[in-house]
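So the protein lines, in turn, are chains A and B.
Residue numbers for the first sequence, in this note's numbering: 1 to 407.
Residue numbers for the second sequence, in this note's numbering: 1 to 168.
Hints in this document: simulated from the structure, not taken from any laboratory.
Hints may contain errors.
Within a straight-line C-alpha distance of at most 25 Å, the following computed DSS-like cross-link-like pairs (lysine-lysine) qualify [what the hints assert, rightly or not]: (1) Lys41(B) <-> Lys83(B); (2) Lys181(A) <-> Lys293(A); (3) Lys53(B) <-> Lys11(B); (4) Lys312(A) <-> Lys327(A); (5) Lys337(A) <-> Lys148(B); (6) Lys148(B) <-> Lys106(B); (7) Lys83(B) <-> Lys95(A); (8) Lys384(A) <-> Lys133(B); (9) Lys288(A) <-> Lys184(A); (10) Lys148(B) <-> Lys60(A); (11) Lys288(A) <-> Lys95(A); (12) Lys384(A) <-> Lys106(B); (13) Lys60(A) <-> Lys11(B); (14) Lys337(A) <-> Lys69(B); (15) Lys69(B) <-> Lys60(A).
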Amino acid sequence: MEHNHITLPEGSIEKTTTTLNIGPTHPATHGVFQNIMEVDGERIVSSDQTVGYIHRAFEKLAERRPLYQITPITDRLNYCSSPINNMGWHITCEKFLQIETPKRVDYLRVIIMELARISDHLICNSIVGVDTGAYTGFLYVMQYRELIYEIYEEICGSRLTTNIGRIGGFERNFTNTAFTKLEKFLNEYPKVLKEFESLFTRNRIFMERTQGTGGISAARAMNYGFTGPNLRAAGVDYDVRVHQPYSSYQDFNFTVPVGTTGDNYDRFLVRNAEMWESISIIRQAYEKVQAFKGAEAEVYHADVPEYYLPKKEDVYTKMEALIWHFKIIMGEIDLPKGQIYCPVEGGNGELGFYLISDGGRTPFRLHFRRPCFIYYQAYPELIKGGMLSDAVVTMSSLNLIAGELDA
Amino acid sequence: MSLNNEMIQEKLIAKFGDQVSNFATSYGMLSFESPKEINLKVLQFLYDEPNLKFTFLTDICAVNYPDQKGAELVVVYHLHNLKENIRVRYSVSTSLENTDVYTATKLFESANWMERETYDFFGINFVGHPNLKRILNVDEMDYFPLRKEFPLEDQTRIDKDDEMFGRG
Numbered sequence: 001m002e003h004n005h006i007t008l009p010e011g012s013i014e015k016t017t018t019t020l021n022i023g024p025t026h027p028a029t030h031g032v033f034q035n036i037m038e039v040d041g042e043r044i045v046s047s048d049q050t051v052g053y054i055h056r057a058f059e060k061l062a063e064r065r066p067l068y069q070i071t072p073i074t075d076r077l078n079y080c081s082s083p084i085n086n087m088g089w090h091i092t093c094e095k096f097l098q099i100e101t102p103k104r105v106d107y108l109r110v111i112i113m114e115l116a117r118i119s120d121h122l123i124c125n126s127i128v129g130v131d132t133g134a135y136t137g138f139l140y141v142m143q144y145r146e147l148i149y150e151i152y153e154e155i156c157g158s159r160l161t162t163n164i165g166r167i168g169g170f171e172r173n174f175t176n177t178a179f180t181k182l183e184k185f186l187n188e189y190p191k192v193l194k195e196f197e198s199l200f201t202r203n204r205i206f207m208e209r210t211q212g213t214g215g216i217s218a219a220r221a222m223n224y225g226f227t228g229p230n231l232r233a234a235g236v237d238y239d240v241r242v243h244q245p246y247s248s249y250q251d252f253n254f255t256v257p258v259g260t261t262g263d264n265y266d267r268f269l270v271r272n273a274e275m276w277e278s279i280s281i282i283r284q285a286y287e288k289v290q291a292f293k294g295a296e297a298e299v300y301h302a303d304v305p306e307y308y309l310p311k312k313e314d315v316y317t318k319m320e321a322l323i324w325h326f327k328i329i330m331g332e333i334d335l336p337k338g339q340i341y342c343p344v345e346g347g348n349g350e351l352g353f354y355l356i357s358d359g360g361r362t363p364f365r366l367h368f369r370r371p372c373f374i375y376y377q378a379y380p381e382l383i384k385g386g387m388l389s390d391a392v393v394t395m396s397s398l399n400l401i402a403g404e405l406d407a
Numbered sequence: 001m002s003l004n005n006e007m008i009q010e011k012l013i014a015k016f017g018d019q020v021s022n023f024a025t026s027y028g029m030l031s032f033e034s035p036k037e038i039n040l041k042v043l044q045f046l047y048d049e050p051n052l053k054f055t056f057l058t059d060i061c062a063v064n065y066p067d068q069k070g071a072e073l074v075v076v077y078h079l080h081n082l083k084e085n086i087r088v089r090y091s092v093s094t095s096l097e098n099t100d101v102y103t104a105t106k107l108f109e110s111a112n113w114m115e116r117e118t119y120d121f122f123g124i125n126f127v128g129h130p131n132l133k134r135i136l137n138v139d140e141m142d143y144f145p146l147r148k149e150f151p152l153e154d155q156t157r158i159d160k161d162d163e164m165f166g167r168g
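All chains, please: the whole structure from these sequences, using the hints.
Quick look at the structure:
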């Protein structure tokens, strides 16, 4: 009679560590990530990551799409801050096509991008709270993310995957409702952020859970290609908004917060400080927007008829406008030849667009420099020797967004 | 004195002579090429040279130009000097028959996954890479999807069962 015994891998009885599989879907990973960890009790000896579960071949798709059809793809990179991705893409196109945007457009964009940064950092920091056992902060700040989403909704009609803006500006001017909602947010949010901070920043349990875990030195972080808040938490003050200003960021006063140890606690502090800076930037931008008078106060896009969609009323009533509408939507306009690399400061680092055009209607090649993808490879080093429960916090505090990672 | 594109070009020519070529500046960024055999030497020089110090690897990706015979695949490095805040684009080309390019992982940890991604999509064989396997695609895949020989689906195709795709 034949016996079917389970065959164990070589050496699996003698070994003193345990292999633990976490993911691909696991409540603690906040996204589709698989980690196979070798643990000795609760200590992590080594780990191996698998990524790519939601890979959607964006770079290949982009090779057949005219410029405007690529914007919705960028939504789905870091979906916690899609407006930054959309605008980053539009800014890349504008630089490539050498389109100058009016100052008012730049300031309106800054408002939206900083709101997006707040919503991104808000999620990240409150999730770090959830993973250390404090759910309250997360539920509380959700209300204020909702206010941000309402502002998006007022401007572009959607909330999460926004597809906001056009090449050269916005699809429509900001309504008074949008500004009212912005004022409401600016009035209410600082108090909430203050409360959120007092809930965590000096909280003994939170500090002990996050200090000294998942740390990285500045030199290692740079070598690993860290950017954004994670690099700044390690003490390097690199910020694309300062180093290579786009959308008139040079007109604003803000500081770039930095940490020292690069651990989970510093990442939390840096993100919180950045939210305060974002609030200040939004206030400055709003003031600047209000200072425009007369015809300037109505400007919401650059004058680029080849790339900016004509008004809907005109499309329905005028032949020329209808033709241009279709030419733009179907991508009948050939791009110039050339290549450009254009970075913006995304929610979690330098989001770069490397566009190569051979003069056709679509990019010849479009590569996204996705900050998440690049710094996630440091994860085994960050968690090695630490506790398993700290690895969960480290993962959240890196702000890994599966959509961006897998592209 | 702050670093500029001309100084970088001079230094590279002084060191490598005519092995580095095709200097161009587009949208303010200096780009240049070299034979793939010396890619590590160039990267190391850019990294170590006291006045250059391109110590931050922003990005590695590849491009497939099917019409360039013998140099169909191009590996593009974007490097950044954070202190002087200047970027360069450096590329090496390789043929489809021999896709060996030396790995930059010894110099930059970040090159590890970027090179795996490049291998995954273009089949560039990074010689010396510690773990060169597919990263975003499934391991069983036997082709390199971002090469131009794999066209996207024809949008006008009619052989699909439209009822199944909601187009009936």
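Now the hints, each set against the structure:
1. Between Lys41(B) and Lys83(B) the CA atoms are separated by roughly 22 Å; this keeps the pair inside 25 Å, and the hint holds.
2. The hinted pair formed by Lys181(A) and Lys293(A) meets the criterion: a straight-line CA distance of about 21 Å does not exceed 25 Å.
3. Restraint check for Lys53(B) and Lys11(B): satisfied, since their Cα atoms lie roughly 12 Å apart, inside the 25 Å limit.
4. For the hint pairing Lys312(A) with Lys327(A), the CA-to-CA distance comes to about 14 Å; that is within 25 Å, so the pair holds.
5. Using a Cα cut-off of 25 Å, the hinted pair Lys337(A) and Lys148(B) holds, with the two alpha carbons roughly 18 Å apart.
6. Distance restraint check for Lys148(B) and Lys106(B): the Cα-Cα separation of roughly 30 Å exceeds the 25 Å cut-off, and the hinted pair is therefore not satisfied.
7. Note on Lys83(B) and Lys95(A): the hinted pairing holds, with a Cα-Cα distance of about 24 Å set against a maximum of 25 Å.
8. For the hint pairing Lys384(A) with Lys133(B), the CA-to-CA distance comes to about 23 Å; that is within 25 Å, so the pair holds.
9. Proposed proximity of Lys288(A) and Lys184(A) is supported: the alpha carbons are some 18 Å apart, at most 25 Å.
10. About 9 Å separates the Cα atoms of Lys148(B) and Lys60(A), which keeps this hinted pair within 25 Å; it holds.
11. Taking the CA atoms of Lys288(A) and Lys95(A), the gap is near 23 Å; set against the 25 Å cutoff, the hint holds.
12. Of the pairs offered as hints, the one joining Lys384(A) and Lys106(B) holds, with about 20 Å between alpha carbons and a cut-off of 25 Å not exceeded.
13. Distance check on the hinted pair: Lys60(A) and Lys11(B) sit about 37 Å apart at the alpha-carbon level, beyond 25 Å; violated.
14. Straight-line distance between C-alpha atoms of Lys337(A) and Lys69(B) comes to about 20 Å, which keeps the hinted pair within the 25 Å bound.
15. With a CA separation close to 22 Å, the supplied pair Lys69(B) and Lys60(A) stays within the 25 Å bound.
Of the hints listed earlier, those the structure fails to meet are numbers 6 and 13, in rising order.
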